[in-house]
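Produce the complete structure using the sequences and hints provided.
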Amino acid sequence: MMLSLILQQELARMQTTGGVGSPVTAYWPIMVFLVVAIIFPVLPIVLGRFLRPMMYSKTKARPYECGIDPKTEAHDRFTVRYYIVAMLFLIFDVETIFLLPWAIIFMGEDFTFTKFALLEMFIFIGILIVGYYYAWRKGALEWA
Amino acid sequence: MINALAYFAPPSFLDWLLLKYFSPETVNYVLWPFIQIGAVVTIIAVYALYATYAERKISAFMQARLGPMRVGPWGLLQPLADALKLLTKEDLTPDKADPYIFKFAPYIAVVAAFVVLAVIPFAPNWGVITDVNIGILFVLSISSVGVLALILAGWSSNSKYALLGGLRSSAQMISYEVALGLSLVGALMFARTLSLSGIVAAQGRDSIWFFFYQPLGLFIFLVSGIAENNRAPFDLPEAESELVAGFHTEYSGMRWSLFFMAEYAAMVVVSAIATTVYLGGWYLPFVYGLTEERGFHNLYVILSIIIFMIKVAVLLYIYFWLRWTLPRFRYDQLMDIGWKWMIPSALINVVLSAIAIFAVQALDGWSGYRTVESVRDGLDLTRTGKIIVIIIGWSGLFITAGLLSVINWRSRDFNLKKQRRKIRLIDLPKGRPAIAPAAATAPATQTPAPAPSE
Chain A
597 MMLSLILQQE
607 LARMQTTGGV
617 GSPVTAYWPI
627 MVFLVVAIIF
637 PVLPIVLGRF
647 LRPMMYSKTK
657 ARPYECGIDP
667 KTEAHDRFTV
677 RYYIVAMLFL
687 IFDVETIFLL
697 PWAIIFMGED
707 FTFTKFALLE
717 MFIFIGILIV
727 GYYYAWRKGA
737 LEWA
Chain B
11 MINALAYFAP
21 PSFLDWLLLK
31 YFSPETVNYV
41 LWPFIQIGAV
51 VTIIAVYALY
61 ATYAERKISA
71 FMQARLGPMR
81 VGPWGLLQPL
91 ADALKLLTKE
101 DLTPDKADPY
111 IFKFAPYIAV
121 VAAFVVLAVI
131 PFAPNWGVIT
141 DVNIGILFVL
151 SISSVGVLAL
161 ILAGWSSNSK
171 YALLGGLRSS
181 AQMISYEVAL
191 GLSLVGALMF
201 ARTLSLSGIV
211 AAQGRDSIWF
221 FFYQPLGLFI
231 FLVSGIAENN
241 RAPFDLPEAE
251 SELVAGFHTE
261 YSGMRWSLFF
271 MAEYAAMVVV
281 SAIATTVYLG
291 GWYLPFVYGL
301 TEERGFHNLY
311 VILSIIIFMI
321 KVAVLLYIYF
331 WLRWTLPRFR
341 YDQLMDIGWK
351 WMIPSALINV
361 VLSAIAIFAV
371 QALDGWSGYR
381 TVESVRDGLD
391 LTRTGKIIVI
401 IIGWSGLFIT
411 AGLLSVINWR
421 SRDFNLKKQR
431 RKIRLIDLPK
441 GRPAIAPAAA
451 TAPATQTPAP
461 APSE
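Read top to bottom, the protein sequences are chains A and B. Under our numbering, read the first sequence as residues 597 to 740, first letter to last. Under our numbering, read the second sequence as residues 11 to 464, first letter to last.
Calculated directly from the structure, the hints in this document are not laboratory data. It cannot be assumed that every hint is accurate.
[To be verified] Derived DSS-like pairs: lysine-lysine, alpha-carbon spacing no greater than 25 Å straight-line:
1) A:K656 / A:K667
2) A:K667 / B:K95
3) A:K656 / B:K95
4) B:K106 / B:K30
5) A:K656 / B:K106
Note that the coordinates shown come from a computational prediction; the quantities given were computed from them, not determined experimentally.
Pasting the structure below:
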């Protein structure tokens with residue numbers, strides 16, 4: 597008797613939490629997780645304040661440069677290649693995001709849709725490969 | 011009898027207990043998430059802690075040493091001792107650093123690494139915290155936030171090593187993130203859903219791990235994942251021999267250990283995603299749909315969690331194995347592997363998977379072949395269909411390797427570095443130094459390199 601009651605409750609809970617939840621309720625545990633994940637690193641740092649020594653010394657607080665006194669600031673110019681990589685990343689990442697929904701619906705229930713999706717994907721990746729070839733040809737992928 | 015026992019197993023019993031005192035809404039949306047999340051965070055933290063122990067032990071055995079032996083039996087308490095020690099260490103902030111960003115960066119790293127765990131399906135039913143219908147997209151977007159922590163840490167330290175390490179790691183992580191995302195597209199074509207539980211369910215429905223359909227995808231995913239986590243042989247950001255410790259040179263004490271906690275948690279996350287998408291999640295290889303029809307048995311769920319964790323542990327072992335086997339790559343080699351090998355092979359993988367699915371659907375009904383059982387909720391192939399897809403998938407490995415070798419070999423023609431060398435070769439008389447007179451030391455730097463054989 598009691599077991600069947602519990603079973604019913606279990607099934608009810610499965611219906612609400614199991615499977616893909618409705619958009620709002622499915623994101624609620626993520627919010628809770630975010631709070632827990634923020635508390636998790638903050639806690640040891642705050643607690644550690646009572647345990648760890650805090651003794652300031654000028655030499656200790658100097659930037660580490662293998663024992664040599666730093667003469668200049670570290671915030672300096674750096675090579676332009678990092679910017680090129682960042683720009684290439686933007687292009688390719690956006691392309692990945694376009695491919696994800698395409699991959700989901702790629703296989704249609706009727707074959708004509710699959711044919712259309714395959715053709716469309718070939719055009720999309722073709723355009724991308726032209727850009728990729730251009731970047732490679734121009735030496736954007738070279739590092740040295 | 012088994013049923014009666016199972017419903018006294020913790021979850022149902024807890025549910026019953028909670029429902030006595032709280033309303034079902036409170037239980038479903040407040041208490042259960044907190045219980046699950048608390049359990050997951052604790053388990054993953056302990057897992058990460060003991061991953062450090064496992065790494066030290068494994069590396070020791072690989073080098074015919076014993077590893078940590080002093081604290082506890084076989085050194086089992088070593089991670090706890092380390093954690094205690096780090097807790098009592100001084101937390102330094104350099105004078106020249108930007109203090110707020112410097113202190114804030116480790117939090118970003120940890121939070122970005124941990125929040126992803128919210129959507130990972132460890133097991134059916136109560137083994138999954140939440141099942142978002144954009145699961146993979148969520149994972150990719152949140153894990154890319156982790157790059158920010160490294161950039162901010164490297165920049166705000168105001169130390170040259172930290173800046174170089176931060177720049178390197180950011181360039182490396184964004185390069186490999188593209189391949190990471192692209193490698194998943196192939197598997198998603200078979201799963202037909204972005205939800206992580208849905209992907210595992212699709213593998214159960216098709217009674218096969220996607221690893222067999224997508225060997226190339228798993229390979230690209232693992233390589234990019236290792237690079238994404240800045241682990242050896244891709245640990246350029248913390249290359250000890252040249253950059254001291256990379257982006258966390260200036261960090262000490264607990265904040266330093268937060269970076270490490272984030273790194274190990276990110277390793278667990280990448281392994282868990284690989285397990286979910288390619289290695290069949292909580293399913294054993296040849297046992298599918300054991301109890302799904304009769305609802306999820308609690309013992310089955312617990313067994314599923316154990317299976318999932320074992321698969322993750324095997325992938326983590328591969329991490330350690332590679333770390334103590336392969337030497338570190340040079341930076342230009344790293345970028346070459348990322349941009350010239352991983353990304354094109356991920357694209358080839360997408361095209362090949364599309365062709366495989368297209369072929370299977372085209373062959374269905376052609377001269378009596380039956381390849382597709384149903385498409386409606388997830389792909390379900392017959393034995394013939396599976397064999398076709400597996401053949402295309404595994405031949406894809408060789409096709410990709412051959413194609414990319416040819417492309418990369420031919421690309422020397424339009425490779426700027428080689429072009430420059432060629433121009434220099436044309437200008438210079440052969441075998442003699444260009445500017446300096448023939449001296450004992452000069453030729454080493456001035457003699458042009460031997461011409462690349464065309």
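Verification of the hints:
1. The hinted pair formed by K656 (chain A) and K667 (chain A) meets the criterion: a straight-line CA distance of about 16 Å does not exceed 25 Å.
2. For the given pair, K667 (chain A) sits about 34 Å from K95 (chain B) by alpha-carbon distance, which is inconsistent with the 25 Å threshold.
3. Restraint check for K656 (chain A) and K95 (chain B): the C-alpha separation of about 19 Å stays at or below 25 Å, so the hint holds.
4. A threshold of 25 Å between alpha carbons decides the hint, and for K106 (chain B) with K30 (chain B) the separation of about 58 Å lies outside it, so the pair is violated.
5. The straight-line distance between the Cα atoms of K656 (chain A) and K106 (chain B) is roughly 12 Å, inside the 25 Å bound, and the hint therefore holds.
Against the hints set out earlier in the document, violations occur for numbers 2, 4.
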